[in-house]
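> Heads up: the sequence lines are chains B and W, in that order. So the first sequence is numbered by my numbering: it starts at 1 and just counts up by one. So the second sequence is numbered by my numbering: it starts at 1001 and just counts up by one.
Wrong hints could be hidden among the right ones.
Stretch by stretch, here's where chain B covers chain W in the computed footprint (C-beta under 8 Å, at least three residues) [claimed, not checked]:
hint: 1; stretch: 1136 to 1142
hint: 2; stretch: 1158 to 1170
hint: 3; stretch: 1175 to 1182
Computed far set for chain B versus chain W, every beta-carbon distance over 12 Å [said to hold, decoys possible]:
hint: 4; residue: F7
hint: 5; residue: G11
hint: 6; residue: G60
hint: 7; residue: G61
Hint data in this document are derived by calculation from the structure and do not stem from the laboratory. A quick note: this is a predicted structure, and the numbers were derived from the prediction, not measured. Here a beta-carbon is modelled for each residue, glycine too, at the ideal position from N, C-alpha and C.
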Amino acid sequence: MEPLMAFVVGGLFAAAIYMILRRSIIKLVIGLILLSNAANLAIFTAAGMREGAPPLIPAGGVEPMITPSADPLPQALILTAIVIAFGVLAFAVVLIHRAYEIVGVDDLDEMNTTDETKELK
Amino acid sequence: MQLDLLVLFPVLLPMMAAAISVILWRSPLAQRIIGVVGTSGLLAASIWLLVATRREGIITMEMSGFPPPFGIVLVSDLLSALMVLMVGIMGFTVVIYSLATAGEEYERFGYYPLMHLLHAGVAGAFLTGDIFNLYVWFEVMLVASFALLILGGKRPQMEGAVKYVTINLVSSMILLTAIGLTYGLTGTLNMAHIAQTFQEVDSPMVTVVAMMYMVAFGIKAGSFPLFFWLPASYHTPPVAVSALFAGLLTKVGAYALFRVFTLIFTQDVEFTHNILLWAGAITMLTGVLGAAAQFEFRRILSIHIISQIGYMLMALGLLASPDIPEEAAHLAIAGGIFYIIHNIVVKTNLFLVSGVVYRLLGSYQLKDLGGIYRHKPFLAFLFFVPALSLAGLPPLSGFFAKFAVIRAGLEAYQGVVVAFALVTGLLTLYSMVKIWMYAFWSPLDDDHPRKHKLTEPNDATTWVMYTPIILLLICTVVLGIYSEPFFELTLASAAELLDPSQYIEAVGIADEISHPIEDLPAGGGE
Chain B
1 MEPLMAFVVG
11 GLFAAAIYMI
21 LRRSIIKLVI
31 GLILLSNAAN
41 LAIFTAAGMR
51 EGAPPLIPAG
61 GVEPMITPSA
71 DPLPQALILT
81 AIVIAFGVLA
91 FAVVLIHRAY
101 EIVGVDDLDE
111 MNTTDETKEL
121 K
Chain W
1001 MQLDLLVLFP
1011 VLLPMMAAAI
1021 SVILWRSPLA
1031 QRIIGVVGTS
1041 GLLAASIWLL
1051 VATRREGIIT
1061 MEMSGFPPPF
1071 GIVLVSDLLS
1081 ALMVLMVGIM
1091 GFTVVIYSLA
1101 TAGEEYERFG
1111 YYPLMHLLHA
1121 GVAGAFLTGD
1131 IFNLYVWFEV
1141 MLVASFALLI
1151 LGGKRPQMEG
1161 AVKYVTINLV
1171 SSMILLTAIG
1181 LTYGLTGTLN
1191 MAHIAQTFQE
1201 VDSPMVTVVA
1211 MMYMVAFGIK
1221 AGSFPLFFWL
1231 PASYHTPPVA
1241 VSALFAGLLT
1251 KVGAYALFRV
1261 FTLIFTQDVE
1271 FTHNILLWAG
1281 AITMLTGVLG
1291 AAAQFEFRRI
1301 LSIHIISQIG
1311 YMLMALGLLA
1321 SPDIPEEAAH
1331 LAIAGGIFYI
1341 IHNIVVKTNL
1351 FLVSGVVYRL
1361 LGSYQLKDLG
1371 GIYRHKPFLA
1381 FLFFVPALSL
1391 AGLPPLSGFF
1401 AKFAVIRAGL
1411 EAYQGVVVAF
1421 ALVTGLLTLY
1431 SMVKIWMYAF
1441 WSPLDDDHPR
1451 KHKLTEPNDA
1461 TTWVMYTPII
1471 LLLICTVVLG
1481 IYSEPFFELT
1491 LASAAELLDP
1501 SQYIEAVGIA
1511 DEISHPIEDL
1521 PAGGGE
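Kindly produce the complete structure, drawing on both the sequences and the hints.
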């Protein structure tokens, strides 16, 4: 399973970087979405993928688990990361929409001199 | 009161202030009052924390009472406490400045709540002892900074924000991946525990992970060759926001590098720290050359931030030198920390001055400015002192910061890097003199539409803007003339950083769980 996941993660990273390097700002955001998924899968894979019992102690029990159990922490990390990425990407989508409205281009190559304020207010 | 609760306040107070300001969304006046009260509280809490940390040693707070390494810990050592103090000072002064400069259009769209959230994020990043928690605080800080950056929604801000958001998200994802790999290697997220475990992990992956952290934090710090988002965005938002960003945000990246590369990645210093050293040298030179080519007040200052980051990286990178004497290593790290503190104060101050100039003459372009020395000598003085301090002239704070780093560099036999640092210092002076000549010394065009503004006496708003500038100016002068106690503080902090066992001991990983990979049935990968 791990080698397969490694290729999936690598493929996602490659696709994400390709998309970020494109000129369209829509593709830029798609690239960012892919990038966050790639990072989450990388955590999932790196933290070890193996079969195991649910990491629960039976009610009233105090003994640690004897049978090998799954590690719950990577899932908690990924869940946190998904929520954060969701919020930030929502912001990014709104931002590129506003940027498109205000600047009037969706081509990043043309968006490199709009910050030169020449007029004297 | 329990001592460890002190660590919580610098994070909790701004969060509470943010929440209360959101409730009072419709009343800008109430938000202003909360702003001043909240940041004064933050300042007081940060001073208290520093005093307590100095007296009692490293203070650890276990969140929810989970013992480390299972729960998240907040740790205040001297470096963290000093950095949090800077958050307090910056928060307080910038909010005072905002009273005069943040207009209705910003205040009604959440200027103050975002400001508080930014303080909370930065303070959290400085205090946390958990690497994943560090990522979370970084995101809190970034989201607040994204929103502050586009507040007002002007045309130039959009372009800056697109670049800033993209590159910071990329850096966050690199950081997140690095954290995932760290967890895979060590089975823990507690920084002290990671440091302990990495001593026993003998794998080339350790250096790979170290490089990922270096790239991620390097982007946030604005080091060569990862800095290009910074000059694209820092000059676009409202000036108080620029000032806060310039003071605090890149320094969080620098802090994270100092923390991670003294605590965790000390296995292969000749490789990792040498990269930091040379990245630092090139960073300072490219930054200062970039500034030399600019003719816009805030752009010059923004690009200068990069060159200043170079000195901090250089200080950290000096640890790579194989035959660096013990004392020189301490001096390098202490100098680096002193440099961060000095730079936060001075850089913010220069941005604040640029805002006053903009208010008077309506432009940031150097060619549209002039005549300030003749008509407003006091304002010219307020620029002159921090500018000279930035360039490193004695007896101001910049001189002692540079002196320590350069002397440590000489003792470590890194002559070439020291030469870079000295040339950069000279060129810094050139840039500051350029601003001085154009904006302050040269006469103003007779047909300048704002000429009358210079001859009028200062109104009350201008004096509100002067107050934080004067406060920060006093900080610069005191840090310079009365630098010994501050230097002792940074030396003590360097001693803590260079002996990670103190930090690890203070966090207190229990003995029976210090080998999670063997002992726990499924506590992480192999």
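> Does each hint fit the structure? Answer for all of them.
To see whether the hints hold, each was checked on the structure:
1. Given as covered by chain B, the stretch 1136 to 1142 of chain W passes the check, having 3 residues with a CB less than 8 Å from a CB of that chain where 3 are the minimum.
2. Evaluation of the coverage hint for the stretch 1158 to 1170 of chain W: fulfilled, as 9 residues show C-beta separations to chain B shorter than 8 Å, against a requirement of three.
3. Here's how the stretch 1175 to 1182 of chain W fares: 5 of its residues keep a CB closer than 8 Å to some CB of chain B, so the rule of at least three is met and the hint holds.
4. Non-interface status of B/F7 relative to chain W is upheld: no Cβ of that chain comes within 12 Å, the nearest being about 16 Å off.
5. Remark: the non-interface label on B/G11 is consistent with the geometry, its nearest Cβ contact in chain W lying 15 Å away (cut-off 12 Å).
6. Residue-level check passed: B/G60 sits 21 Å from the nearest beta carbon of chain W, beyond 12 Å.
7. Here B/G61 stays apart from chain W, with its beta-carbon at least about 15 Å from theirs, past the 12 Å limit.
When held up to the earlier numbered hints, the structure conflicts with none and fits them all.
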